[in-house]
Amino acid sequence: MTTPSEELKLEIKKLIINTLSITDVDINSIDDEKPLFGGENTLTLDSVDAIEIIMAIQRKYGLRITDQHIAREVVRSINSIAQFITDNRKI
Amino acid sequence: MAAHCESGTLTSLLNYAGLEISEPLVFGISSGIFFGYFHKTKAFSFPTFIVRNKPGQMRKNIEKRLGVKFSTYTFNSPDKGMAKLDEIIPQNIPTACQVDFFYLDYVPSWERVHINAHFMTVIGKEGNNYVISDAYFPTIMQLDTGSLEKGRFAGGNMSPKGFMFHCKTIPQTIDFESAIKKGIKKACFNMLSIPIPFLGVKGIRMFAKKVVEWPEFARDTEHLSHEIMKINILLEDQGTGGAGFRFIYATFLQQAAEIIHKPQLKDLSQQLMIIGDGWREISLFAARIGKNRDLGQEKLRQLGDMIHDRADVEEDFFKNLSKAIN
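Heads up: the sequence lines are chains A and B, in that order.
The first sequence begins at 1 in our numbering and counts up one residue at a time.
The second sequence begins at 1001 in our numbering and counts up one residue at a time.
Calculated directly from the structure, the hints in this document are not laboratory data.
Errors might be hidden in some of the hints.
Ranges of calculated distance between the beta carbons of each label pair, as one might list FRET restraints [what the hints assert, rightly or not]:
#1 B/1291 <-> A/14: 21 to 31 Å
#2 B/1294 <-> A/17: 54 to 64 Å
#3 A/19 <-> B/1105: 46 to 56 Å
Non-contacting residues of chain B with respect to chain A, defined by C-beta distances greater than 12 Å in every case (computed) [unchecked claim]:
#4 1043
#5 1114
#6 1149
#7 1156
#8 1186
#9 1235
#10 1284
#11 1291
Taking beta-carbon pairs under 7 Å as the criterion, some of the chain A residues facing chain B (in silico) [stated by the list, open to error]:
#12 40
#13 41
#14 44
#15 48
#16 51
Quick reminder that beta carbons are idealized off the backbone N, C-alpha and C, glycines included.
With the hints as constraints, model all of the structure from the sequences given.
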């Protein structure tokens, strides 16, 4: 399993912020491992945001997450999104 | 883990009984894909829709098309229903139970809602706890006797009445090619030719037309917002495998193409994935306007147009699928 790059994680944070038009969160304050849902991270997202992110990942990286159980795991944190993209995108 | 509780449960029972079959194949052979719109009637206090065939139909279709036999049971008495389960489980026969999802203690409390047509499999008993394999969870779960009994004998619409089933016999040979073709033909018939105006593609069109009327049935904006956001839940979050079962059916077509040697099904699978993306756009749009309470006529018309567009593409898709299989 390849470890995701820091560059990719930053790209994901920018993608989330741009997709959800978030203006009040400093990108450097977003923790890579803390859950994006439930209020533990500086970003606090809900289920609607999750679908937006899933679709943004599909548009940017061409990766369709069809199953909602998998989707739930993927969008758990910045690290889990980065790992999914690293594991699945075509080189 | 599985996409959907009924197809996932059927798949695990068949796999345990020695039949190697994937969940998408079970879903496709049983003609799981469907659409039905139900406008406000005496039976429905608010309009709603379904994206799959009725609960229990998948099992019946699998029996018919694969020649598999299931033993089924329903009960009026909870005591008898639990006693029968206790008689079967020690024989190492995994048994699927229909339950109200709300009573499954292993589900996090914030995810528990009353759904009377959830299926999971009881695979053992340890003391007072049943050992459960639930398609929505990656690990084996435990459920105490009281909770299982409450779930199996919950009241309300589509009450489970203790319904349970297990695999009885698997035929020595199965004609998968024939089963797949029959499953596809029936799905095409259901989507294109049922002469009822609210079912199949006609149902999608009715949904598109009627969604602008939904404010008339809502108590207030909160209620309307809740119902509009439910579109997202029904399409994405109730074990649909994403996009109202369109993605799982696309996977079925991909697998079926190999088995019945019809490569054109692979192209159709790709087309359905793209159709599914459109359903996902609808899901997101509905969730967004519901969340923002942005529910004016213009937004609802926009939603209706998006749904109407799905009717058009699905009509073409199922016509092409029907041609490909004949």
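Each hint tested on the structure:
Roughly 23 Å separates the CB atoms of residue 1291 of chain B and residue 14 of chain A, a value that falls within the hinted 21 to 31 Å. Between residue 1294 of chain B and residue 17 of chain A the beta carbon distance is about 22 Å. The supplied range of 54 to 64 Å is therefore violated. Here the CB-CB span from residue 19 of chain A to residue 1105 of chain B is close to 36 Å, at odds with the stated 46 to 56 Å. Non-interface status of residue 1043 of chain B relative to chain A is upheld: no Cβ of that chain comes within 12 Å, the nearest being about 28 Å off.
Even its closest Cβ contact with chain A, about 19 Å, leaves residue 1114 of chain B beyond 12 Å, as expected for a residue assigned away from the interface. Residue-level check passed: residue 1149 of chain B sits 27 Å from the nearest beta carbon of chain A, beyond 12 Å. With a cut of 12 Å on Cβ distances, residue 1156 of chain B stays outside the contact zone with chain A, its closest approach being about 25 Å. Remark: the non-interface label on residue 1186 of chain B is consistent with the geometry, its nearest Cβ contact in chain A lying 23 Å away (cut-off 12 Å).
With a cut of 12 Å on Cβ distances, residue 1235 of chain B falls inside the contact zone with chain A, its closest approach being about 10 Å. At the 12 Å boundary, the C-beta of residue 1284 of chain B falls inside the reach of chain A, the nearest C-beta of that chain being 5 Å off. Once the 12 Å rule is applied to beta carbons, residue 1291 of chain B is inconsistent with being away from chain A; the minimum gap is 5 Å. Interface restraint check for residue 40 of chain A: the shortest CB-CB distance to chain B comes to about 15 Å, outside 7 Å, so the restraint is violated.
Taking 7 Å as the C-beta cut-off, the interface hint given for residue 41 of chain A is violated, the closest approach to chain B being about 18 Å. Interface hint at residue 44 of chain A: violated, since its Cβ lies 14 Å from the closest Cβ of chain B, which is beyond the 7 Å cut-off. Nearest Cβ of chain B to the Cβ of residue 48 of chain A: about 4 Å, under the 7 Å cut. The hint holds. Of the supplied interface hints, the one on residue 51 of chain A holds, with its beta-carbon coming within about 5 Å of a beta-carbon of chain B, less than 7 Å.
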